[in-house]
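Student: Okay, here's what each chain looks like letter by letter:
Protein chains: 2
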Amino acid sequence: MISKLITEIKKKNAPVVVGLDPQLSFLPKFLLDKAVAERGESLEAVSDAIYEYNKSLIDATYDLIPAVKPQVAMYEQFGISGVEAFKKTVDYAHEKGLIVIGDIKRGDIGSTSEAYAIGHIGTVTVGSKTFAPFDEDIVTVNPYLGSDGVKPFIDVCNKCDKGIFVLVKTSNPSSGEFQDKSIGDKTLYEEVADTVAAWGETSMDGDYSNVGAVVGATYPEMGIELRRRMPKSYILVPGYGAQGGKGSDLKGFFNEDGLGAIVNSSRGIIAAYKNEKYASFGEEGFADAARQATIDMIKDITEAIA
Amino acid sequence: MISKLITEIKKKNAPVVVGLDPQLSFLPKFLLDKAVAERGESLEAVSDAIYEYNKSLIDATYDLIPAVKPQVAMYEQFGISGVEAFKKTVDYAHEKGLIVIGDIKRGDIGSTSEAYAIGHIGTVTVGSKTFAPFDEDIVTVNPYLGSDGVKPFIDVCNKCDKGIFVLVKTSNPSSGEFQDKSIGDKTLYEEVADTVAAWGETSMDGDYSNVGAVVGATYPEMGIELRRRMPKSYILVPGYGAQGGKGSDLKGFFNEDGLGAIVNSSRGIIAAYKNEKYASFGEEGFADAARQATIDMIKDITEAIA
Chain A
1 MISKLITEIK
11 KKNAPVVVGL
21 DPQLSFLPKF
31 LLDKAVAERG
41 ESLEAVSDAI
51 YEYNKSLIDA
61 TYDLIPAVKP
71 QVAMYEQFGI
81 SGVEAFKKTV
91 DYAHEKGLIV
101 IGDIKRGDIG
111 STSEAYAIGH
121 IGTVTVGSKT
131 FAPFDEDIVT
141 VNPYLGSDGV
151 KPFIDVCNKC
161 DKGIFVLVKT
171 SNPSSGEFQD
181 KSIGDKTLYE
191 EVADTVAAWG
201 ETSMDGDYSN
211 VGAVVGATYP
221 EMGIELRRRM
231 PKSYILVPGY
241 GAQGGKGSDL
251 KGFFNEDGLG
261 AIVNSSRGII
271 AAYKNEKYAS
281 FGEEGFADAA
291 RQATIDMIKD
301 ITEAIA
Chain F
1 MISKLITEIK
11 KKNAPVVVGL
21 DPQLSFLPKF
31 LLDKAVAERG
41 ESLEAVSDAI
51 YEYNKSLIDA
61 TYDLIPAVKP
71 QVAMYEQFGI
81 SGVEAFKKTV
91 DYAHEKGLIV
101 IGDIKRGDIG
111 STSEAYAIGH
121 IGTVTVGSKT
131 FAPFDEDIVT
141 VNPYLGSDGV
151 KPFIDVCNKC
161 DKGIFVLVKT
171 SNPSSGEFQD
181 KSIGDKTLYE
191 EVADTVAAWG
201 ETSMDGDYSN
211 VGAVVGATYP
221 EMGIELRRRM
231 PKSYILVPGY
241 GAQGGKGSDL
251 KGFFNEDGLG
261 AIVNSSRGII
271 AAYKNEKYAS
281 FGEEGFADAA
291 RQATIDMIKD
301 ITEAIA
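Line by line, the protein sequences give chains A and F. Residue 1 is where the first sequence starts when you use the numbering used here, and the numbers rise one by one after that. Residue 1 is where the second sequence starts when you use the numbering used here, and the numbers rise one by one after that.
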């Protein structure tokens, strides 16, 4: 899968992923009003509005970007109908030729991680038929449970040509609370990174591995060190834009070949219309604002790493 | 919420939770055949069979136990309809007066953890109406992202009288890979435990905190130490039975007052009919086998901690 992602990144000259994280406060009022008029004040109405929102965002950006990253929490918060909107978003992104990175951050003991892997990037067989339940292409995985929590995902990557990004150093302010702790001569996140590099050897796909890492844009110094420690792992970089990461911080996340990282922005793109810079698009122009913000982000990053 | 759980544990004299983790291989064939006859070879058929299975298991055990713990991965693996079966299981368990521990092991950056917390143990407002999307009572949480990944869950605990169990030392064989690493004069899991104890102070509910911990039955020595480090945190103990934990290993997880821990068994109860010891119940008697296995487990544990 990683070679497919790299092909798309090169084709579009955009190491960028748009995070489809539809918080209720981001939804343009007219979309929510329309859905409520049709389905009443309900979780189903919100979920319909989310799907319409995502569809417009995908329509406005799919020719610019290789992938989208829906954050499943933002759908789970609206219950079953929210999860349905998640699945419909995955399917619509695929229709438009996009790779889908499911930001699910799952991780559990072996048999349970296997179930997550099957549900999100694998297949399940019922009698004579086989189904891909959520059908994402790549998912994020939490490493706290160690190898037997991660390997079931890698097995599915190998079987179904899929990928994972393992949390190494997350973008949030308190990520250092455990991740930065010193264990012997390195930090916990460096230990996790070394383990990711080793896991990665078991699922190579061209020059890079299907086992990548998550490292926040908000920690550029650590990005340089982690790039070195995991030379064959793609790095998914959240935290650009609204969380504070800038293009100029990102060079160190990339390899000499200009590859090796893909940078996510969620709020900065999908809620661009709420940003002073793009306010002229208005709420009705939310998708055009997202398109312009995507163009600006791609320029910022490709210039920074040139 | 923890005081409600304690009341139920005392009332039933059973510090035991049944894990509703319906793997496809556990489902009695006649249940799956019936569902497939009605809905064809489909994820919907499997999900219907899972719900019927859970319903019978709950009917056979609800008078014996305080709580059930559905593992959401086992439902997510069957897509949307699987998640629907999860929600129906939560609702049915509530109808029968059970507390529901959603084993979801979520954890993310602040705003995203907030969405998970809202979706699983909180409420969401749409216009003039308020909904509890998945409506569990307690959920498991992954601490790798640090305080700002956990605090949104605690905020919802305080607002909605709910609880969490934070992963400290998990039951799986490779849990030590990161969790046992030494950081200064303690291990990572001890550091997490100390942090859980501190988080717990912010959500007290009687003698115990709504912020509990997960510590595997497979590590009894560590259970003793962790009991000491988190005196006010209830410990959810997975790994009993099929994973190797025995009643005699568990005394150290409890406080002097006989409280402080609740032990989970999944496979050992719900697939008891596949175990030689309960084979006489037959596949049709799977629920009666589960009841007997629950009675035996409660006896094993209450005797061990007496």
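Please keep in mind that the hints were generated in silico from the structure rather than gathered at the bench. Hints are not guaranteed to be accurate.
Pairs involving identical chains hold if they fit within one copy or between any two copies, as the list cannot separate such chains.
As a list, the in silico DSS-like pairs of lysine-lysine whose alpha-carbon atoms are at most 25 Å apart [unchecked claim]: (1) Lys-34 - Lys-129; (2) Lys-129 - Lys-11; (3) Lys-29 - Lys-129; (4) Lys-159 - Lys-251; (5) Lys-11 - Lys-29.
Student: Measure nothing new, just compare the shortest in-copy and cross-copy C-alpha distances for Lys-29 and Lys-129 to 25 Å and report within, between, both or neither.
Tutor: between (42 Å within a copy, 17 Å between copies)
Student: Between copies, within a copy, both or neither: which fits Lys-129 and Lys-11 at Cα up to 25 Å?
Tutor: For Lys-129 and Lys-11, the Cα distance exceeds 25 Å both inside one copy (35 Å) and across copies (47 Å).
Student: Treating 25 Å as the Cα threshold, decide for Lys-34 and Lys-129: within, between, both or neither.
Tutor: between (38 Å within a copy, 17 Å between copies)
Student: 25 Å Cα cut-off: does Lys-159 pair with Lys-251 within a copy, between copies, both or neither?
Tutor: neither (33 Å within a copy, 43 Å between copies)
Student: At 25 Å max between alpha carbons, let me know whether Lys-11 reaches Lys-29 within a copy, between copies, both or neither.
Tutor: Neither: 35 Å inside a copy, 50 Å across copies.
Checked against the numbered hints above, the structure violates hints 2, 4 and 5; every other hint is satisfied.
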